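Asker: Below, each chain spelled out in residue letters.
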Amino acid sequence: MNARRTLVTAARVLTQLRSDRRTIGLMLVVPCVLIGLFAWIFDATPAFDALGASLLGVFPFVVMFIVTSVATLRERTSGTLERLLTTPMGKGDFMMGYALAFAAMAVLQAVVATAFAVYVCGLDVAGPLWQLVAVAVLDAVLGSALGLLASGFARTEFQAVQFMPAFVLPQFLLCGLIVSRDRLPDVLGRVSDVLPLSYAVDAMKSVTLDRSPGSDVAGSAGIIALWVVASLVLGSLTLRRRTA
Amino acid sequence: MKVGEAYFHHMMKNAVEIDHLRVVRGGRVVLPDLSVRVPAGQVVGLLGPSGSGKSTLIRAVVGVQVIQAGDVRVLGEPAGSVSLRHRVGYVTQSPSVYEDLTVRANVRYFAAILGASPSSAEEAIDAVDLGSHADTLVGRLSGGQRSRVSLAAALVGDPELLVLDEPTVGLDPVLRRDLWNLFNRLAAQGRSLLVSSHVMDEAARCDRLLLLREGQVLADATLPELLDRTGALDAEGAFLNLIDRAEEAAR
Ligand SMILES: Nc1ncnc2c1ncn2[C@@H]1O[C@H](COP(=O)(O)OP(=O)(O)OP(=O)(O)O)[C@@H](O)[C@H]1O
Ligand SMILES: [Mg+2]
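Residue numbers (this note's numbering), protein chains in the order written: chain A, 22 to 265; chain B, 104 to 354.
Worth flagging that the hints you see were computed from the coordinates, not collected in a lab.
Keep in mind that a hint or two might mislead.
[Unchecked claim] Listed next, the stretches of chain B that the computed footprint assigns to chain A, with coverage defined by at least 3 CB atoms under 8 angstroms from CB atoms of chain A:
| id | region |
| --- | --- |
| 1 | 199 to 209 |
| 2 | 243 to 251 |
[What the hints assert, rightly or not] Which bits of chain A does chain B cover? Going by a derived footprint, with three or more residues having C-beta under 8 angstroms, they are:
| id | region |
| --- | --- |
| 3 | 31 to 39 |
| 4 | 97 to 104 |
| 5 | 253 to 265 |
Since the model is a prediction, treat every value here as computed from it, not as a measurement.
Ideal Cβ positions, reconstructed from N, Cα and C, are used throughout, including at glycine.
Just need the whole structure built from these sequences, with the hints factored in.
Answerer: Given below as C-alpha cells:
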C-alpha cells in the first residue's frame with residue numbers, strides 16, 4: 022500500500038465524478054425524493070419514524086453499490102485497469118482509492134438525505150444526529166466495497182447492473198425493513214444475522230429510537246466495518262495482473 | 104537514471120529475451136513456441152497480419168498475459184516483476200485513458216502514480232503535440248488524438264523500455280513522422296522500443312524488424328537484410344514475399 026497512489030486515485034475518481042453532474046444530482050436527489058415519498062405515504066402514522074431511519078441506511082448502500090460496480094467495471098473493460106496494473110500501482114491502492122472517493126461522496130449524500138429527512142419530513146431522531154450521519158457514511162462505504170467485489174464477477178455492464186438485484190434485493194428483504202428481523206422464519210433469521218445490510222438498518226434504528234445508543238451502534242458498526250474490510254480484500258483478489 | 108542503473112543498462116545487450124514462449128488464448132494456440140530477442144537501445148518493429156499474435160506477444164512482454172510455458176525476461180528480470188513497473192512503459196492497442204478527464208488530468212494522474220513531476224506530464228503532452236488540447240476532455244478528442252494521449256501517459260515516467268501496440272494507427276503522415284522522430288530520438292538516448300505496426304513504410308524507421316505469422320517468427324532482421332533476402336524493393340514487397348513463401352510451404 023502506498024498513500025500517494027491511493028490518494029491520487031481517489032482524487033482522480035472524484036474528478037471523473039465531478040464531470041458527470043447528472044450522476045451527482047441523482048445521487049443527492051433520489052434518496053430525498055424517496056424519503057419524501059415514504060413520509061407522505063405514512064403521513065399521520067408513527068411508522069415513518071421507524072421506516073424513515075431504515076431507509077437512510079439502505080439508500081447510501083444501494084446507490085454506492087451501483088455506482089461503484091459500474092465505475093470499476095468500466096475501468097476493466099476500457100483497458101485502463103490492465104495498464105494501471107503494469108505501473109507501480111498496487112491492487113490495495115486501487116481498491117482503497119475507490120473506497121475513499123466514494124466515502125467522500127457518501128458524506129455529502131448522507132448529510133443531504135439526513136437533513137432532508139429530519140428538517141423537511143420531520144423524522145424524529147432520539148439519538149445524536151452526527152451518529153446518524155456516521156452510520157449512513159459507513160453504509161455507503163459498505164455499498165462501495167461490495168460493489169467493488171461484485172464488479173469482479175461481471176464481464177459486461179449489463180451483468181453488473183443485474184448484480185444489483187442479486188446482491189442487494191435479498192438483503193433488502195431480510196434486513197428488517199419489511200418484516201422485523203426477530204419475526205422472520207428461523208432459517209431466514211439466521212441468514213439475516215450474517216448479512217451486512219441488517220446491521221446497517223439495526224444501527225439506524227438504534228440511533229433514531231434510543232436516546233444514547235452508543236454501544237448498540239458501535240456493535241453494528243463493528244460488524245459493518247468487518248464486512249467492508251473483507252469485501253475490499255476479496256475484491257482485490259479478483260484484480261488479476263495477468264489475464265488470458 | 105541512477106549511475107549504477109545506467110552502467111547496468113549500458114552493459115545489457117538485450118532489452119527483452121524470450122525463450123520457448125507458448126500462449127493459448129480461448130482454446131487457440133496463439134504462440135506455439137516463440138524465441139526472440141529485442142536488442143537494447145534500438146527500435147524494433149513488430150509486423151504481421153491481423154491475428155498473427157502481435158498484441159499477445161506484447162502483452163507477454165509487459166507481463167499481463169497468462170502464459171502456458173516459456174521464459175520472458177525484460178531488462179534482465181522476469182516479465183511483470185515489481186521492479187519493472189517503473190521501467191517499462193506500455194501502450195495498449197486501443198487507447199486506455201479516461202474519457203471523462205482532460206488530457207492534462209490523464210497524463211498527470213499517470214505521472215503521479217509513477218512518482219514523476221507535473222512538469223514531466225507537460226513535456227509528455229508536448230511530445231505528442233497535444234499542448235493546444237491539454238484542457239480538453241479526452242472523450243471529445245478524435246481517435247488519433249486519443250491514442251496520442253495514451254502514448255503520452257506511457258512516456259511520462261521516462262521508461263527504459265517502451266512497448267507500443269500500434270501507436271501510430273489513424274494518424275496523418277506528418278504526425279507519424281514526428282512520432283517516429285521521437286522514437287528514434289529515444290533510442291538514440293539509450294531507450295529500447297518494441298513497436299507493433301500495420302503501416303509498412305514505418306518499417307524503414309525501425310532498426311530491426313520482427314515479422315510474425317500465425318504466432319511464428321518469419322523473419323528477424325534489418326530492413327536491408329530483408330530486401331536483400333527477398334529481392335523486393337520495399338518493406339511491403341518483402342513482407343508479402345515472405346508471407347507467400349510461408350503459405351506455399353504450409354501447403
Ligand atoms: N481476449 C482474447 N481471448 C481469446 N482469444 C484472443 C483474445 N484476443 C486475441 N485472441 C486470439 O489471439 C490471436 C492473436 O491475437 P492478437 O490480438 O495477438 O493479434 P494481432 O496480431 O495483435 O492482430 P491485430 O493486428 O489485428 O491487432 C487471434 O487469433 C485471436 O483470435
Ligand atoms: Mg493487435
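Asker: Check the structure against each numbered hint from earlier and tell me which ones fail, lowest number first.
Answerer: Of the numbered hints, just 2 does not hold.
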